[in-house]
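Dock chain B against chain A, hints included.
Line by line, the protein sequences are chains A and B.
For reference, each letter of the first sequence is one residue, going 0 to 546 in numbering that gives the first Met the number 0.
For reference, each letter of the second sequence is one residue, going 0 to 83 in numbering that gives the first Met the number 0.
One thing to keep in mind: the hints can contain errors.
[Stated by the list, open to error] Pairs of lysine-lysine, BS3-like flavour, derived with a Cα cap of 27 Å:
#, chain 1, residue 1, chain 2, residue 2
1, A, LYS502, B, LYS77
2, B, LYS65, B, LYS55
3, B, LYS55, B, LYS81
4, B, LYS65, A, LYS262
[What the hints assert, rightly or not] In silico negatives: residues of chain A with every beta carbon more than 12 Å from chain B:
#, residue
5, VAL112
6, GLY117
7, ARG186
8, LEU355
9, THR486
10, ALA507
In case anyone wonders, no lab produced these hints; they're calculated from the structure.
We treat Cβ as the ideally placed atom computed from N, Cα and C, and that holds for glycine.
Now for the letters of each chain:
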Amino acid sequence: MLFNSTVFLFWFLPIACVSYYVLGHLAGSSSAKMLLCVASFVFYGWWNPWFVLLLVGSIAFNYTLSLYLTGDDDAKPVEPWLFAAGIAANLLLLIYYKYLFHVLELLHALGWVRVDYGSVILPIGISFFTFTQIGYLVDCRQGLVRERNLLDYVLFVTFFPHLIAGPILHHREIMPQFANEATYRFRAENLAVGLTLFCAGLIKKVLLADSIAGWAEAGFVNPSGVPFINAWSTVLAYSMQLYFDFSGYSDMAIGLGIMFGVKLPLNFNSPYKSTSIIDFWQRWHMTLTRYLTLLLYNPTALWIARIRQARGYAVNRQAASTPGGFATMIVVPTAFTMFLAGIWHGAGFQFIVYGLLHAAYLSLNHAWRIIRPPSPASEKFSRATAISISWRMLLTYNAVLVAQVYFRANSTADAGSLLAGMIGLHGAGFPLPVPLGTLQVLGPVGNFLLDSHTATVGLRSAYNDLTRPLFMNSLVTVGLGVIAFGTPNVYQMLNKWSPALSKIKLQATTRWLTWEPSWPSAIAVGMLLSIATLFFDRTGRFLYFQF
Amino acid sequence: MDDQAILTQVSAILREVLDLPDLTVTPSTTAENVEGWDSFAHINLVVAIETHFGIKIHTAEIEELKNVGELVQLVAEKLKHKKG
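Excised from the complex, chain A in its bound form (with noise of 0.2 Å):
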């Protein structure tokens, strides 16, 4: 069921919400999980029940594991087998689904393997779910899991915001909040503020990011020779879709999670106002980065600087800034988990390079933190420090673009077509805006102008019907730039409501943007819902869902 649907809103979301809150009160919080496990079930169901069986699987599998894990009496070791058997058990699911067809088709296509297996579809959400409890394992194994009900278990897999695609949840912020009685009663405020960041997020999808998908699709669906101005504005647009699309997506599930008394983490925090690349990833998909550096970067950071200690070797910033040291701490730590991150999104060599690059983005950032540490941040404002940061985030918003690029296209060969056309080696592109015998008045600069047209007059015809809209959405591109560079976003402005689990300090809003339950704000949101409403059921996905 997606959020954006008639189904999901007028029916599954009300049932569900008055449904839970009267058994709650009536028959006492087990019932009121109970519905929301079925709830859950019904919600991934919708999509293609069969896969129900295969989330059941799971689950059972997992749990019964970490029974074995967590066994009370400390006189009997965990068998460290078990663990390694569990996690791989979860990994071959992934594999099985995710990477092994596609593998087998690129050998297929290269010759290497002659019978065609064909695909399989993919169970939507699989990697958040396997993901979720894989985690779960790792902290049975640590000796950290303290709640063992299965009937919290299965919620906080399975509780449905989450679910398909995040925020990736850690059991130790969820669990205890499903036991807590407290969240099974009713309480108008949770109503008022999951409603408003529901909304806000629906907005994001259904007007921001969805007015700009065509646009985003165009050059990447055919990107050789893609002109300099048509190449940037579909790397914009798409950048700009992809935030707004999976954002907004994270927002409604933390919206969600409110209306029913359960507070999820923070996902996104205004990640394109981000002044570097580390600063960037604390900010894009933040539980996505919290899970890798819980579960690959710590380990295996922690495991090199052991053995340097060992060793006898230095393990302090100083040590960090010889080459030898700077390469063992800093770029293999970080390339391990950025290379296993960049897999993550999919099978083929274009998210391996989407994950290089950040890699080599994030060890550049730590080589210049080590070479000019960071002097604490001034109060006052500036016209020096205001130029910096304009300037860093000009830089860092770049870099993170040139590795969407990557993270979109549908090959390497692609990505480079259209990286190639951003440089301008595929012509101007410029529609132009006069007369083309006026430029002949121009001498040498005119002519320039006139080869330059004409040279990408032949490739643009296959973007001539998107000529005339190119103006039209290079102004909405624009727009949503000005949003995700230039407002505060809307859990600044919820901020008094701490509407989702965050560990940073988020800065507060002016007053008149400060989000208050009175009758405006609920005219404007019941405004906007019905504004979103007639954008229902037009597009069928959500960008993360594939992964």
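Just chain B now, with coordinates in the frame of chain A:
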């Protein structure tokens, strides 16, 4: 060793790892409000603390810590186990 003594030693380690000699550390100090205390510095801090106190900290335990105060608590607990 009492908590105050541990805090003093942890503070000294933190100042050295972060290369910030003037940093004032209190139990409520968190990574978010110290410039340069990133994932890399965090790993160095853990290894330095492990070596200094002769204890071992699990990866997952690191993430549970909200502030320096909780880190001191964790070290104190581990030291108690070590003796007992």
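Numbered hints the structure breaks, given as an ascending list: none
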